[in-house]
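Chains as they are written, first to last, in the numbering used here: chain P, 9 to 305; chain U, 57 to 564.
Worth flagging that the hints you see were computed from the coordinates, not collected in a lab.
Backbone N, C-alpha and C fix where the C-beta goes; we use that ideal spot for every residue, glycine too.
Be careful, since some hints might not be right.
[As the list claims (entries may be wrong)] If you anchor each label on the Cβ, the simulated ranges turn out as follows:
#, chain 1, residue 1, chain 2, residue 2, range
1, U, Lys352, P, Lys75, 27 to 35 Å
2, P, Thr212, U, Thr209, 25 to 33 Å
3, U, Glu449, P, Ala26, 26 to 34 Å
[Unchecked claim] To give an idea of the interface, some chain U residues facing chain P are shown, with a C-beta separation under 7 Å as derived from the structure:
#, residue
4, Asn205
5, Asn382
6, Pro385
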Amino acid sequence: MADPNRISKRSEHVAAAAFVTPTLILLIAFLVVPMIYTIYFSIYRYQIMRPNDITFVDIQNYIKLFKDKDFWHAFRNTLYFTVVVVPVQCTLALALALLVASKTRGVAFFRTMYFAPQLTSMVVISILWTILYNSNPSTGLINSLLTSIGLESVNFLSNPRTAMNSIIFMSAWQGAGYQMMIFIAGLQAIPASHYEAASVDGATGFQKLIYITLPGLKSTIKYVLMITMIQAMKLFTQPYVMTKGGPQNATKTLVYYIYTEGFQEGNFGYACSAAAVFFVIVVTMSLIMKRITMAKD
Amino acid sequence: MSYGKGSIRRKVVDNAQENYCALKKEKCGKGSTNNYSCPQDVRGKGVKMKKPLSIALAGIMAMSLTACGGGASAAGSAATSSGGTEGASSTEAKAAADGAVNLTIWSPTDRESVETWWTEKLGEWNAANPDIQVSREAIDRSDSYAYDNKIATAVTSSSLPDIFYVDGPQVSYYAANGIIVPIDDYFSADDMKDFVPSTVAQCTYDGKLYAMSATESSVAFYYNKEMLKDAGVDVEDLDKRTVDNPITWSEMRTIAEKCTTGDHVGTHVIMDHGEGLPYALEPMYISEGKDYINDKGDSAEGFVNSDEAVKTSAFLAQLIADGYANVEPITDEFLNKGCATMIGGSWEVATLTANADFDWGVTYYPVADDTKKAVSPCGDWSAAISKDCKNVEAAGKFMQWLMSTENVATYASAIAKPATRNSSYENETMADYKNFPLSLMVEQLNNTAVPRPRTPSYASFSTKYAEAMTNIFSAAASDHKVDEAYIKEQLDSVAADFTEDYNTYYSK
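Can you make the complete structure from the sequences, with help from the hints?
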């Protein structure tokens, strides 16, 4: 009896290794090695057009980075985007999930509609929203609606006070569908007998939400918060397509900052130091988020 | 094509329906009870809810497939045709004797007529030159900077093609960094005299020729005659202007003011948030008295942040603050009657001729009131030989042919841009350039064109300047007034960033 067990254990190890190896190779090639390179280049002065002519500058890049007010601007913008978009998008997603999880006829249509933005490329959506947000009522649909009801048109994307919020709104609209699907899966895992029992005890719909649905979704919520936060920190496409980080740096995010420094201006070593700091920031934020969600347990 | 798309959609839907039926049978087979809280039943309900959803999703995916197919059909056919050449040329290359040189070219993807030009011309070249086989890769340009990013990545991995196209002002940046090699040897003195001076100037760095362009570009002042007449502007006077007597800034401003109505703005000054800003606006600065960068290309201090530059930027910002021009770059705003006039590129002539349903005119680039100095933008994508090219001699020979009078003429005609060689205008494909309005562009190129600053720090400068101007314009639009101190602060930071980039990488 012991022998076959041992064999099966050994073969299990072999199988595990066989399954893990391809992923591991890809992770090392496309994640670990580039990360090491990033840290390595971050202590060099490296013009992107001259890869064979790099100079060791110890921590000069980091010193310059921490003195650069554009970097801190980008940091603040990223933080603001994350802090606003995560709760907004997750609450919206949960609300949508609760709405479309019911057994009403035609609910599949709404589920599909809410999920549809996820199936379209972010670049396409950004271009569409740039047109929707256009300040000229003859071009921008939203301003055309505003002016038709007698309101003044708004420079959504070219006013530093509204640009980031406009991006937050469209991002939450685009992203909520995905989290909604995860929430729906979570909702389906809650046994119907709990609701049945609650009904027998005379619980209201709101009480069911607070005492059954939300506790039942606890692990789903943790997961959704974490991935939404990490995605939010990496915001790039929307500012790149819609505003080029402007106006007045209002939508310049950390990833956009790294991109312009590294690729457009060619300060590759400097961009690597910014990327290394960005990595530390994301890890720190994730740990904080984990702390917060753990504390709720 | 359409049959194929249809069948994909049917297949997807069929599959979804099959799954649906299979699931239904399974559930029926199990035989559901009436017990409400039976977990199996709950799972069944979950599945049931998913079924219509999966069908809908499959439908949406199929729709997006078809939609993509439909939208891309024009580009698709272009890609097929260029793909065809590559296939053809590579088979020819195989058929050719051993030791044949293979050259690769990168250039931005363009309209179908240009893609066809490449297909036909490379076919001709490859048939006539079995020892030098050339193939081209069309690289998506997407916005002003995306193509440059592709080049930057290729530099890092040493995988540059033998020849690549580079936007005029980037020539100095690439040359200073040793990414492209001098090509003086392949152009005779007679050739050089035939090219318009602005092209030669833009492609020259540190006394050597590093690139050559077949096409040029210019920018002029377009106006919608109907809107101007409605606003009481003397259109006939505008029509009669000459290169010695262009309109001034104050005239431009008056026209913009008169033509701003509830339906449209008076003018259009922002091409895009990228290279379009330094490109289209530079003549204003030079006309006022100071270029962005000094002649040597090593200093911006006292140039881009000079009093003259602040005044020029303030003039432009005032148009936006007063609501005479939009703060956002709107594509085809003039064509769609969103604005009465525009500072627009020479390529707009072709677009307007083909699509405009109104009477329009075009006149010379406006000049500063004080100096009346006429200046116009220029510069276009140029071909350069990369440092990674193993056979510079062969590439040079190909470049000679690529920039021949006839090829320049047919290419310029295909891409609807002015040719760089004066002799090319004798070719029948360029006949339109003998007549107004295209003749105006050629006249500007030969008389008033000034290339963008030739400095190795141009890439950094362009990014920072575009950012600063976007900031200045957005502040003007949201405050409805122009703050010169803010303009000065922004331009100071452009100058400081230029100095830093230049000192870090290029000062000796």
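Hints, verified against the model:
no. : hint                              : result
1   : Lys352/U <-> Lys75/P: 27 to 35 Å  : 29 Å, holds
2   : Thr212/P <-> Thr209/U: 25 to 33 Å : 59 Å, violated
3   : Glu449/U <-> Ala26/P: 26 to 34 Å  : 52 Å, violated
4   : Asn205                            : 5 Å, holds
5   : Asn382                            : 6 Å, holds
6   : Pro385                            : 10 Å, violated
Hint compliance for this structure: hints 2, 3 and 6 are broken, all remaining hints hold.
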